[in-house]
Amino acid sequence: MKCVCADSCHCLTSVVMKIHLILLATVMVLLTSCGKDPMAERAFEVAIPANFPEMKHEVKFTKEGFNLGKKLFYDPILSRDNTISCGSCHQQHVAFSHADHRFSHGIDNQLGKRNATSLQNLMWNQDFFWDGGVHDMGQIPFNPIQNPVEMDEDLAVLLQKLRANDEYRRMFKSAYKEDTINLAYFTDALSQFMGALISANSRYDKYVRGEGGQLSETELRGLTNFKAKCSSCHATDLFTDNSFRNNGISTSIESDKGHYEIVLLPKYKGTFKVPTLRNIEKTGPYMHTGSFNTLEEVLKHYAQGVKQTETLDKALIKEDGSLGIELSETEQAEIIAFLKTLTDEEFLNNKSFSE
Amino acid sequence: MKKLSFISTLTLLCLLLSVSSCKKDEAAADSGKGNLEIEIDHLAGTEGLVLGTKYVTAGGDTVSVSKFQYFVSNIVLIKSDNSEYVVPQDKSYFLVKESSVSSKLLTLTDIPSADYKGFRFTIGVDSARSRMEESERTGALDKGAAALDMYWSWNEGYIFFKLEGNSPQAVSMMDTADGVTLHVGGYGYNGSPNNLRTAEIISANGVATVRSNVTPEMHVIVNVLDVFDGPVKLDLAGHAMTMGGTYASVVADNYKDIFKLSHIHND
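Those sequence lines, one after another, are chains A and B. If you read the first sequence in our numbering, its first letter stands for residue 167, the second for the next number, and so on. If you read the second sequence in our numbering, its first letter stands for residue 2, the second for the next number, and so on.
Everything labelled a hint here was simulated from the structure, so no lab data went into it. Honestly, I wouldn't trust all of these hints.
[Unchecked claim] Counterexamples of contact, computed for chain B against chain A with all Cβ distances above 12 Å:
{"id": "1", "residue": "Ser81"}
{"id": "2", "residue": "Glu85"}
{"id": "3", "residue": "Ala178"}
{"id": "4", "residue": "Ala205"}
{"id": "5", "residue": "Ser213"}
[To be verified] Only pairs whose alpha carbons sit at most 27 Å apart, straight line, appear in this in silico BS3-like list of lysine-lysine:
{"id": "6", "chain 1": "A", "residue 1": "Lys343", "chain 2": "B", "residue 2": "Lys144"}
{"id": "7", "chain 1": "A", "residue 1": "Lys423", "chain 2": "B", "residue 2": "Lys163"}
{"id": "8", "chain 1": "A", "residue 1": "Lys279", "chain 2": "A", "residue 2": "Lys435"}
Ideal Cβ placement from N, Cα and C applies to all residues, glycine included.
Given these sequences and hints, build the entire structure.
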């Protein structure tokens with residue numbers, strides 16, 4: 167897809183991603199700037215990976231909107247006492263999860279109750295957050311901002327702070343061609359930054375897309391095992407079927423009711439969103455509880471640590487009624503070797519996403 | 002773009018006019034448009050509601066109210082011949098707050114001249130609007146201003162109805178031991194409970210005669226104590242802290258019928 171510019175500056179801001187995903191062709195939307203050398207000043211490329219399933223949320227990108235979203239993401243002005251930014255809890259080198267933190271510290275050093283998720287390929291997520299409480303990209307930011315233990319900011323006060331800031335006034339104006347700062351523009355800009363966080367260039371991706379990526383014998387056996395034992399839930403090349411399930415990590419479905427709190431249907435008590443496994447080597451500690459530090463512990467959990475509760479997923483109950491997934495030690499090691507091929511160094515080190 | 006659609010609207014209008022002029026004039030005496038005002042009064046029993054004053058509910062609990070507010074949306078006006086006029090959606094969201102006098106006067110503009118005997122509305126924010134882009138959530142729905150405290154950001158959606166206060170009977174786990182919090186939301190996302198309720202108010206005698214030069218006022222009264230006294234007599238000891246959850250539907254069934262038409266002015 168190519169952008170033909172009548173007006174070299176403004177056309178760029180109206181590049182819209184309209185992609186026929188069924189074709190699964192790799193489509194490149196180049197967001198070029200209108201400087202002397204467009205390629206040099208290119209903000210980023212939003213490439214729709216050929217091996218991804220159908221997208222759930224469409225975001226329209228502009229260079230100015232993306233840049234504004236990035237600035238907002240890394241700016242503690244979004245929190246009540248100007249100390250915490252989105253980036254405080256979502257760090258790029260660990261796929262925008264929170265390194266070494268079981269639970270994140272928010273404002274006034276308060277602890278949250280669930281492990282920070284990674285932020286990647288969000289346009290393909292049906293629902294957001296472990297409990298699936300948010301269903302639209304544009305509504306994401308209000309959750310951490312208003313959460314009393316995360317950023318605890320009043321939206322009216324936040325707007326005042328942004329409006330009083332000359333640089334923001336300039337950036338909103340350049341992104342939205344209007345001298346206005348409102349929640350619609352604010353959240354659109356953040357959606358552009360979040361939406362652009364696409365990880366699809368791991369060694370595994372280059373292998374499945376036939377772009378020269380190689381997997382070792384062990385990794386390939388791991389892939390086969392993974393497909394047989396894990397992909398009923400961690401489905402597609404996003405490694406999630408976007409459903410809510412109980413994978414047996416807790417002895418109680420009452421202590422954190424998860425998706426039940428959102429939909430109030432008893433079958434969802436103690437269920438959480440099946441998370442993506444991209445960059446999983448980097449995003450520990452694992453599970454919404456952050457209770458496993460290593461992938462070895464995770465695999466051991468599936469092999470012999472699954473706990474029985476009313477809503478435990480059927481896939482984790484064997485025919486003889488015993489719990490867990492049949493996995494030898496070798497199979498566990500092979501699956502881990504495979505999972506590590508999902509690490510995407512290009513994504514983790516992409517300067518366009520850095521502060 | 003703007004010009005184009007203006008011209009096509011004009012063409013359409015001309016077309017419509019030429020068609021309707023063939024039919025015999027069945028509209029009211031006046032073929033223009035007018036405004037209609039709906040004024041809402043909050044009462045406690047028969048007296049005006051006073052925030053902070055103690056009242057006794059049907060369930061025998063003592064309660065004082067500190068905050069009382071709710072969304073009125075998707076208004077449909079009902080004419081005396083039972084035909085209906087649907088107020089355009091973009092002009093049909095109101096947030097009524099006890100603490101704001103102006104919020105209790107809902108002004109509907111550009112209403113076709115006719116005789117209206119009542120109206121129907123949604124208490125809350127419909128599911129379609131609840132999922133719209135932020136740019137479609139303006140006015141009463143702007144959570145950066147009017148709707149600041151009427152939105153759940155952790156469970157995407159508006160709080161349709163909010164009654165807060167205190168009661169010695171309340172057993173609440175929050176900071177104030179006697180706090181009462183009744184927050185209702187939930188538009189039925191993915192099989193979850195739908196707490197949207199529709200209320201209908203029909204005048205037994207008298208109609209609102211909307212004309213280009215007559216702006217009638219429909220006076221609606223809401224007895225806040227009726228919230229506690231519906232199909233279920235609300236039990237504050239057990240449910241003082243209702244923020245969504247299963248009891249929210251019980252509260253919604255109770256407030257569904259609290260809106261009553263008091264009288265209509267046509268001057």
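Results of checking the hints against the structure:
No beta-carbon of chain A is positioned within 12 Å of the beta-carbon of B:Ser81; the least distance is around 41 Å. The Cβ of B:Glu85 sits about 31 Å from the closest Cβ of chain A, beyond the 12 Å cut-off, so the non-interface label holds. Taking the minimum C-beta to C-beta distance to chain A, about 20 Å, the non-interface status of B:Ala178 holds against the 12 Å cut. Annotated as non-interface, B:Ala205 keeps its C-beta farther than 12 Å from every C-beta of chain A; the closest such distance is 39 Å.
Distance to chain A confirms B:Ser213 as a non-interface residue, since its nearest Cβ pair spans about 35 Å, more than 12 Å. At roughly 23 Å between alpha-carbon atoms, A:Lys343 and B:Lys144 fall within 27 Å of each other, so this suggested pair holds. Only pairs whose Cα atoms come within 27 Å are accepted, and A:Lys423 paired with B:Lys163 is accepted, the gap being roughly 24 Å. Proposed proximity of A:Lys279 and A:Lys435 is supported: the alpha carbons are some 17 Å apart, at most 27 Å.
No hint from the list above goes unmet by this structure.
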